[in-house]
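Here the protein sequences come in this chain order: Z and S. Mapping to our numbering: the first sequence position 177 is 429, numbers consecutive. Mapping to our numbering: the second sequence position 147 is 162, numbers consecutive.
No lab work stands behind these hints, which were simulated from the structure alone. Check each hint, because a few of them may be wrong.
Stretch-level coverage of chain S by chain Z, calculated; a stretch enters the list once three of its residues show a Cβ under 8 Å from a Cβ in chain Z [unchecked claim]:
#1 121 to 129
#2 237 to 245
For the chain S half of the interface with chain Z, some residues (derived, Cβ under 8 Å), not all of them [what the hints assert, rightly or not]:
#3 73
#4 108
#5 111
#6 113
#7 114
#8 280
#9 283
#10 291
Note that CB positions come from ideal geometry on N, CA and C, so glycine has one too.
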Amino acid sequence: MSARETRNLILSALALGLAALLPFYDTGYLLSIATTMAMLTVLATSWALFSGPTHYISLATAAFFGLGTFVTGLGFQSLPFWSLPLIAAVLGAGLAALVGMVTLRLSGVYFVIFTLGLAELVRQIVTWVQNRTGQRGMYVLTSITERDIYWQLIALGALVYLVGWLIGRSRLGFALRIIGNDETVARHSGIDTALAKVILFMISGAVAAAVGALLAPRYIYIEPSTAFAPLLSFQVVIMALLGGTGRLWGPVAGVIPFTLLWEFIARHAPNQTLLLLGLTFLLIVYVLPGGFVGLYERLQRRFGGGRH
Amino acid sequence: MFILITGLLLGGTYALIAMGLNLQYGVARIMNLANGEMLVIGGFAAFWVFTAGQVSPVVALLVVAPVAFAVNWLIYRFMLRPLVKRAKSRGALEVDSILATFGLSFALVGIMTWAFGGGYFNYAYLAQRVDIFGSSYAQNRVVAFAIASLIAAGLWLWLSYTRAGLRMRAVAVSPESARLVGIDVPAVSALAFGLGGAVTASGGALISMFFTLDASVGVLFTMKALIIVIMGGVGDIRGTIVAALILGICETAVARLIDPGLTLAAAYLLFLSVLLFRPQGLFGNKPT
Numbered sequence: 253m254s255a256r257e258t259r260n261l262i263l264s265a266l267a268l269g270l271a272a273l274l275p276f277y278d279t280g281y282l283l284s285i286a287t288t289m290a291m292l293t294v295l296a297t298s299w300a301l302f303s304g305p306t307h308y309i310s311l312a313t314a315a316f317f318g319l320g321t322f323v324t325g326l327g328f329q330s331l332p333f334w335s336l337p338l339i340a341a342v343l344g345a346g347l348a349a350l351v352g353m354v355t356l357r358l359s360g361v362y363f364v365i366f367t368l369g370l371a372e373l374v375r376q377i378v379t380w381v382q383n384r385t386g387q388r389g390m391y392v393l394t395s396i397t398e399r400d401i402y403w404q405l406i407a408l409g410a411l412v413y414l415v416g417w418l419i420g421r422s423r424l425g426f427a428l429r430i431i432g433n434d435e436t437v438a439r440h441s442g443i444d445t446a447l448a449k450v451i452l453f454m455i456s457g458a459v460a461a462a463v464g465a466l467l468a469p470r471y472i473y474i475e476p477s478t479a480f481a482p483l484l485s486f487q488v489v490i491m492a493l494l495g496g497t498g499r500l501w502g503p504v505a506g507v508i509p510f511t512l513l514w515e516f517i518a519r520h521a522p523n524q525t526l527l528l529l530g531l532t533f534l535l536i537v538y539v540l541p542g543g544f545v546g547l548y549e550r551l552q553r554r555f556g557g558g559r560h
Numbered sequence: 016m017f018i019l020i021t022g023l024l025l026g027g028t029y030a031l032i033a034m035g036l037n038l039q040y041g042v043a044r045i046m047n048l049a050n051g052e053m054l055v056i057g058g059f060a061a062f063w064v065f066t067a068g069q070v071s072p073v074v075a076l077l078v079v080a081p082v083a084f085a086v087n088w089l090i091y092r093f094m095l096r097p098l099v100k101r102a103k104s105r106g107a108l109e110v111d112s113i114l115a116t117f118g119l120s121f122a123l124v125g126i127m128t129w130a131f132g133g134g135y136f137n138y139a140y141l142a143q144r145v146d147i148f149g150s151s152y153a154q155n156r157v158v159a160f161a162i163a164s165l166i167a168a169g170l171w172l173w174l175s176y177t178r179a180g181l182r183m184r185a186v187a188v189s190p191e192s193a194r195l196v197g198i199d200v201p202a203v204s205a206l207a208f209g210l211g212g213a214v215t216a217s218g219g220a221l222i223s224m225f226f227t228l229d230a231s232v233g234v235l236f237t238m239k240a241l242i243i244v245i246m247g248g249v250g251d252i253r254g255t256i257v258a259a260l261i262l263g264i265c266e267t268a269v270a271r272l273i274d275p276g277l278t279l280a281a282a283y284l285l286f287l288s289v290l291l292f293r294p295q296g297l298f299g300n301k302p303t
């Protein structure tokens, strides 16, 4: 570990520690928005772990997330709470493995299209099963407060950053970067491209499902149409891309400004959130390819006295 | 028999929409995820013309199609052409065009919700019954199917037997080689994109005759069109038509026999089997 890496590690730990202190300062609106940000940061960062290096755009986040909330909804009375995120993660990884094995052998377009409808597909099946068994939505009434959820998310976030950092250093991370640059070259240099992609997609799916499981007590009432709302997938994609997927800290740099903007617009003009989403997509494609990370690197190259 | 005919009637309109997408993706190489919104706009236009002036949606097509062509041509020329120019590879273009058209799609939904509200839109045009083989069907569905087939047949003849159609097919096969034999690839791509948009918007005007639309339903049609295009094979008109009819029948069967809430699941089942067994499409050749 180089001195630079040690420094970054200490800085990240400090930042996380600072973030964890927030509930002592405020437990009202600030905590509520911080919880949303923490949730989106974990989702966007885990999304970027897979989609960043490979450039495969996954729109499946909502499907994994909804799966996680349902695990909690079905199991919180009979199982200890700590086991639920783990079960959700295993199921999420399983779903990701299935989807990945079908689509990741083929080109990126098939993957995008398949994940685009995945949340809706799972929602239709869950609704159908519920109709057959005569069950409706579920109440998740627990003693878990928003503060607990926030801390759990911070802990999960720390884990995601650690995993992301380790992957970046490993052979797997190297393999993924080669796949992202040129998949044919990757295959010819002996990388099992399909396997590498599926593994990373499983990690990303497991994290999203675990986040869903942790967040379920916050919603209190769970039904398929809200748990599998496809909009979440797009929010995650846009925030990760706005921040930039080239670095681990990229997504969080997108989540914070975008969530603030989103909250502001949702309060003053609730119908315009979709327009905001659309315009941000266009902004990223035409003005900010590479997101804030790309911008930062360009500025650094121009003004930053040759470090790096 | 009832399922078969209802499915065929539905599939005919699906075929038209998917042909529009196929022109845009197969020839212009743009994965247009705002395709469904173009459809909804076509439907809204037909609705508006019908409720405001009692003009039949069939006549409205004469206005909807050229306007949609112009709008889509402009979108390609000024929004997507720069992306094509800067793309280093086909993959990079795909990612860029997916993101840009997603942006366009959300922006259009946002604008439509703002302009028309979030409500549902439908109107009663030709809502009488017609009897075929002893069962009765809504007249508007039959008319929509007939017009869709007419447009699709015209498009197919045009692509197969005219010089302009030949140029378009050449670009679909290989843009690089098309350039070498003196085809103006950017112009043909823009033409194909505009034409695709016009076909899709016409499909939307037809669908609005029997289907209740709202501002955010577009993505559902985009999904279906994408599944059809992939099932039929990219750039393959014949495959698209067969795939659309299969999807129409399959959806109708699932909706009637199992549960109307499972139509997308049915489409996905088809999609899944295509991905597993024939990723190159129904009539496609195995890539070497």
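Now for the hints, and whether the structure bears them out:
Figure legend: the segment 121 to 129 of chain S, annotated as covered by chain Z; annotation consistent (8 residues with Cβ-Cβ distances under 8 Å, at least 3 required). With a threshold of 8 Å between beta carbons, the proposed coverage of the segment 237 to 245 of chain S by chain Z holds, since 4 of its residues qualify and at least three are required. Against a cut-off of 8 Å between C-beta atoms, the interface hint on residue 73/S is violated, since the closest Cβ of chain Z lies about 32 Å away. Against a cut-off of 8 Å between C-beta atoms, the interface hint on residue 108/S is violated, since the closest Cβ of chain Z lies about 11 Å away.
The interface hint given for residue 111/S is met, as the beta carbon of that residue sits about 6 Å from the closest beta carbon of chain Z, less than 8 Å. Interface hint status for residue 113/S: upheld, as the beta-carbon distance to the closest one in chain Z is roughly 6 Å, under 8 Å. Against a cut-off of 8 Å between C-beta atoms, the interface hint on residue 114/S holds, since the closest Cβ of chain Z lies about 5 Å away. Interface hint status for residue 280/S: upheld, as the beta-carbon distance to the closest one in chain Z is roughly 5 Å, under 8 Å.
Among the interface hints, the one on residue 283/S holds; its C-beta lies about 5 Å from the nearest C-beta in chain Z, closer than the 8 Å criterion. Hint status for residue 291/S: holds, given a least beta-carbon distance of 6 Å to chain Z, under 8 Å.
The earlier numbered hints that this structure contradicts are 3, 4.
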